[in-house]
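Student: In order, the protein sequences belong to chains A and B.
First residue of the first sequence? That's 0 in numbering that gives the first Met the number 0, and the numbers climb one at a time after it.
First residue of the second sequence? That's 0 in numbering that gives the first Met the number 0, and the numbers climb one at a time after it.
Heads up, some of the hints might be wrong.
List of simulated lysine-lysine pairs, DSS-like, C-alpha gap at most 30 Å [stated by the list, open to error]: (1) B:K208 - A:K233; (2) A:K233 - B:K527; (3) B:K208 - B:K245; (4) B:K245 - A:K233; (5) B:K337 - B:K527.
Just so you know, these hints were derived from the structure itself, not from any lab.
As the structure is a prediction and not an experimental result, all values here were calculated from the model.
Single-letter residue listing:
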Amino acid sequence: MSVVTHRARVMCSSLVIAALLLVQPARVHAQAGGAAHGMDLDRVIRTFILAEQLEVHANQPERPIDVELVSWIGGDYRRLYLRVQGEQSTLMSGGGEMQGDALYGRLITPFWSFVAGGRVDTRPRTVIAPVDFGDPSTGRREPGGRLTRGMLAIGFIGLAPGWFEVEPTLLVSDKGDVSLEVESSFDLLFTQRLIVQPWIEVNAAVQAVPEIGVGSGLNDVEIGARMRYEIRRKFAPYVGVSMLRRTGATAAMAHGLGERRSVGTITAGLRIWR
Amino acid sequence: MERSFTDGVVTHPVTRRRFLHAAGAVGALAGLQRLAPAYALPASDRGAGRAALAGVSGRDTRVDLIIDRTPFGFGGRRSVATTINGSVPGPLLRFREGERATIHVTNRLREDTSIHWHGLLVPNAMDGVPGVNFPGIHPGQTFVYDFPLRQYGTYWYHSHSGFQEQLGHYGPLIIDPSEPEPFQYDREYVVMLSDWSFEDPGKILDNLKKQSAYYNFQRRTVGDFFRDVDRNGLRATIADRWEWGKMRMTPTDISDVTGSTYTYLLNGLPPAANWTGLFRAGERVRLRFINAGAGSYFDVRIPGLEMTLVQASGQHVQPVAFDEFRIEIAQTFDVIVKPTEDRAYTIFAESMDRSGYARGTLAPRAGMSAEIPRRRPRPTLNMVDMGMAMGMGGHEGMSMPGMDMSGTGTASKPGADASMPGMDMPAAATKPAAAAASGHAGHDMSSMPGVTASGGAGVFEGQLRDGTIIRASNLRAPGTIPEPVMHGNNTHGSASAGTAMETRSRLSEPGAGLGEDGWRVLVWTDVKRLTPAETFEPPVREIELHLTGNMERYMWSINGIKFSDARDPIPLKHGERIRLTIVNDTMMAHPMHLHGVFMELENGHGPECPYVHTINVKPAERVSLLATPVDPGPWAFHCHVLFHMDVGMFRVFHVSEPGGPMTTEGEARS
Ligand SMILES: [Cu+2]
Numbered sequence: 000m001s002v003v004t005h006r007a008r009v010m011c012s013s014l015v016i017a018a019l020l021l022v023q024p025a026r027v028h029a030q031a032g033g034a035a036h037g038m039d040l041d042r043v044i045r046t047f048i049l050a051e052q053l054e055v056h057a058n059q060p061e062r063p064i065d066v067e068l069v070s071w072i073g074g075d076y077r078r079l080y081l082r083v084q085g086e087q088s089t090l091m092s093g094g095g096e097m098q099g100d101a102l103y104g105r106l107i108t109p110f111w112s113f114v115a116g117g118r119v120d121t122r123p124r125t126v127i128a129p130v131d132f133g134d135p136s137t138g139r140r141e142p143g144g145r146l147t148r149g150m151l152a153i154g155f156i157g158l159a160p161g162w163f164e165v166e167p168t169l170l171v172s173d174k175g176d177v178s179l180e181v182e183s184s185f186d187l188l189f190t191q192r193l194i195v196q197p198w199i200e201v202n203a204a205v206q207a208v209p210e211i212g213v214g215s216g217l218n219d220v221e222i223g224a225r226m227r228y229e230i231r232r233k234f235a236p237y238v239g240v241s242m243l244r245r246t247g248a249t250a251a252m253a254h255g256l257g258e259r260r261s262v263g264t265i266t267a268g269l270r271i272w273r
Numbered sequence: 000m001e002r003s004f005t006d007g008v009v010t011h012p013v014t015r016r017r018f019l020h021a022a023g024a025v026g027a028l029a030g031l032q033r034l035a036p037a038y039a040l041p042a043s044d045r046g047a048g049r050a051a052l053a054g055v056s057g058r059d060t061r062v063d064l065i066i067d068r069t070p071f072g073f074g075g076r077r078s079v080a081t082t083i084n085g086s087v088p089g090p091l092l093r094f095r096e097g098e099r100a101t102i103h104v105t106n107r108l109r110e111d112t113s114i115h116w117h118g119l120l121v122p123n124a125m126d127g128v129p130g131v132n133f134p135g136i137h138p139g140q141t142f143v144y145d146f147p148l149r150q151y152g153t154y155w156y157h158s159h160s161g162f163q164e165q166l167g168h169y170g171p172l173i174i175d176p177s178e179p180e181p182f183q184y185d186r187e188y189v190v191m192l193s194d195w196s197f198e199d200p201g202k203i204l205d206n207l208k209k210q211s212a213y214y215n216f217q218r219r220t221v222g223d224f225f226r227d228v229d230r231n232g233l234r235a236t237i238a239d240r241w242e243w244g245k246m247r248m249t250p251t252d253i254s255d256v257t258g259s260t261y262t263y264l265l266n267g268l269p270p271a272a273n274w275t276g277l278f279r280a281g282e283r284v285r286l287r288f289i290n291a292g293a294g295s296y297f298d299v300r301i302p303g304l305e306m307t308l309v310q311a312s313g314q315h316v317q318p319v320a321f322d323e324f325r326i327e328i329a330q331t332f333d334v335i336v337k338p339t340e341d342r343a344y345t346i347f348a349e350s351m352d353r354s355g356y357a358r359g360t361l362a363p364r365a366g367m368s369a370e371i372p373r374r375r376p377r378p379t380l381n382m383v384d385m386g387m388a389m390g391m392g393g394h395e396g397m398s399m400p401g402m403d404m405s406g407t408g409t410a411s412k413p414g415a416d417a418s419m420p421g422m423d424m425p426a427a428a429t430k431p432a433a434a435a436a437s438g439h440a441g442h443d444m445s446s447m448p449g450v451t452a453s454g455g456a457g458v459f460e461g462q463l464r465d466g467t468i469i470r471a472s473n474l475r476a477p478g479t480i481p482e483p484v485m486h487g488n489n490t491h492g493s494a495s496a497g498t499a500m501e502t503r504s505r506l507s508e509p510g511a512g513l514g515e516d517g518w519r520v521l522v523w524t525d526v527k528r529l530t531p532a533e534t535f536e537p538p539v540r541e542i543e544l545h546l547t548g549n550m551e552r553y554m555w556s557i558n559g560i561k562f563s564d565a566r567d568p569i570p571l572k573h574g575e576r577i578r579l580t581i582v583n584d585t586m587m588a589h590p591m592h593l594h595g596v597f598m599e600l601e602n603g604h605g606p607e608c609p610y611v612h613t614i615n616v617k618p619a620e621r622v623s624l625l626a627t628p629v630d631p632g633p634w635a636f637h638c639h640v641l642f643h644m645d646v647g648m649f650r651v652f653h654v655s656e657p658g659g660p661m662t663t664e665g666e667a668r669s
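Excised from the complex, chain A in its bound form (with noise of 0.2 Å):
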């Protein structure tokens, strides 16, 4: 793949977040026709989209730059949640990974939504030639392609007692691996725009999926803060760092191609929303 077309790639994505958020949301006002107060205006349906992260890991050697978008259309209790998470290398072309999660989600308790869904999933293959049968931490890299999957997903997105927001989502792939992802974050107001947001992700396997370089059992935890100051509510611009720890066999195959067991990032990005 060329490099141009990389750029374009990555311009294209640029290009799609921004539309996404400049997007005008339906106009709420009520207009002629009978709307009255409270009849017809709480049932309005509305569009959220959260930029959680438009970021660029600044001291990574491919400084890659990491797209968080949480969206949501929908009224008081049903919703169709859109989650798309997705990272590309601005150094070099190929890589890259993204994940997009339609949901529907149904408030359950004050709290919390029970949400479903699915799933696609693509992220370089990596095919690991074992030297050591049997060891995975002796393999090494071999090209293979991209892996692209399709997961059943369902979860939680709510918020536990204490203000954490917390999003646990279960995922069943097309061939069958069950995994978790745990998420959870919260707002810690230092003054009333600026905001330090520690943060948590947990990823586990039931089964091994080598090609991804996941393991069974825990996988990784990531712990990071990000400190945003809201020139508006819906502008942050924001710093953050961020660990990664890989455990278990999924830290074995890391490190089998070459890669760190705990990976230390600096960020910077926005936070936008409307």
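We have chain A already, so just place chain B with the ligand on it with the hints.
Tutor: For chain B with the ligand alone, kept in the frame of chain A given last:
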């Protein structure tokens, strides 16, 4: 009283004189003064004494009101307001009790409009709530309101369509009594408080729906945490944070739209414009306070002056003196002040959450101003506001007054079998909540005891499909304050975050952030009607409604069900004496307003209970009101926080025809 029609608002929105004034004005206020109604013009332009308050009258005059969009702004910022005859607030309408009002309202907007006469007892078709009383006034149409004036007092009027009220569509309304008033004064002014935003109100609501704390810039910070540790110790501070965190609520949740987007107005003018009312030292000045805010409660004081309340909700009360009062949204309080010194006094109306203020001046001469008080620190809610029971030590006796249904059987209860839905609180009240949670509001409550009662079967009790509890026996004496009640373990479903554990009367409390400054604050238990009722009938039924909300999604509802999911009206019988008990299961205050009837606030004064059209219900409060609905038809009942009403804190009560059956469905929605 002398009336002047020179204001000419009848057909020409802008009089020559006002136009000339505006043309000659300079500076940032030029545009404003052209928009300001007569009573808000600079003092020198207004004439003196009572003539200053001459408004548009219905007598011998056809009153024309034109609803239009007009450029509006101040402080260098411009926007477009929804205006009445070109001004914000609209013109003062002034009538006399016993007259007939004939008001032609022409809609020049591109959307429907309406006018509701807040607090006025009018025939149903004249009440002006689109979808409830009439279809609304379509673009280009003129609707003629025509009704007798059956009462006296200070009131106001406003749009009941969309977000127009937030955009300036409101104005004062005075009805002079046919009998002499029991108090004297030398001058009078309307003091209409309101809130203005340069943001589109639809956008404000959208922001709240996506982040309910969007406008709250007074949340607790890390710094507050350490300050509290210093003050109360680490343990207590952590316990306090956990108590709130557990409920996922915040004690700074006082107002959801705040001074971060609102500018608070007095007679349509921002604080910098300094509306001024003139007086001569020693005169008695009557101030007709009206809270026309779409989302703001105001704490009002005039440093250096004692205020004496003479009317509340437009009705005479026994005079009571104080230094500060909180005016709920949509309320009117008439006070008399007697400035004796030849100096200026600031009318200071601080928003309840302290995020801003409206301000005006009483002065012997135009152009004066007095010191503007410093804003106090923002108040915080406490555990009582969360409905945490205070003296809960197993006092079962006090827990459910009026709820022990042991010796029933006298009242007719068709369909109410042994189970008596709704009467054994904890179990039954959970039902509609669960139904709401599943999105099928109350479809399983098919029994609806009593609702199907045919005409004449006057008294029924049970629970409506939307969870409204109706009791008909063992009602406590009229005029008394409700006892504290434990809520039980039931909730109101996913629309209600955190049901108050215990609710009680809080009419004797000034409210969050008030009463701590060492001066006298008006509370509702101070207010008594001037003339005690000659016959003070006990209620035959009690209707209990729970105000519910989920701040996380900015959902507001009644009994956990928002209006569009609760299409059945609550039936009332013509001429029956009812008690309306409103229970606040949320952490915010809600100013509740019932159209079409005056309510008697049960504040413990028996036959001296004051009349109200709107009553603030504090967090975890239980308020009871008596009413005898007479005018048949569907009547709106709602929270007067515009955005709370818009997202579902709204119901319709349907008063039956004299001698006719109670209406249970359909009609209210036309
Ligand atoms: Cu409300």
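Student: Going straight from one Cα to the other, do K337 of chain B and K527 of chain B come out at no more than 30 Å?
Tutor: 22 Å, holds
Student: Verify the proposed pairing of K208 of chain B with K233 of chain A, using a straight-line Cα cut of 30 Å.
Tutor: Status holds; Cα separation ~13 Å.
Student: Next pair to validate is K233 of chain A with K527 of chain B; report whether the Cα-Cα distance is within 30 Å.
Tutor: Answer violated: K233 of chain A to K527 of chain B is near 49 Å, above 30 Å.
Student: Between the alpha carbons of K245 of chain B and K233 of chain A, is the straight-line distance 30 Å or under?
Tutor: 27 Å, holds
Student: Please work out if K208 of chain B and K245 of chain B have their alpha carbons no farther apart than 30 Å.
Tutor: 22 Å, holds
When the structure is compared with the earlier hints, a violation turns up for hint 2 alone.
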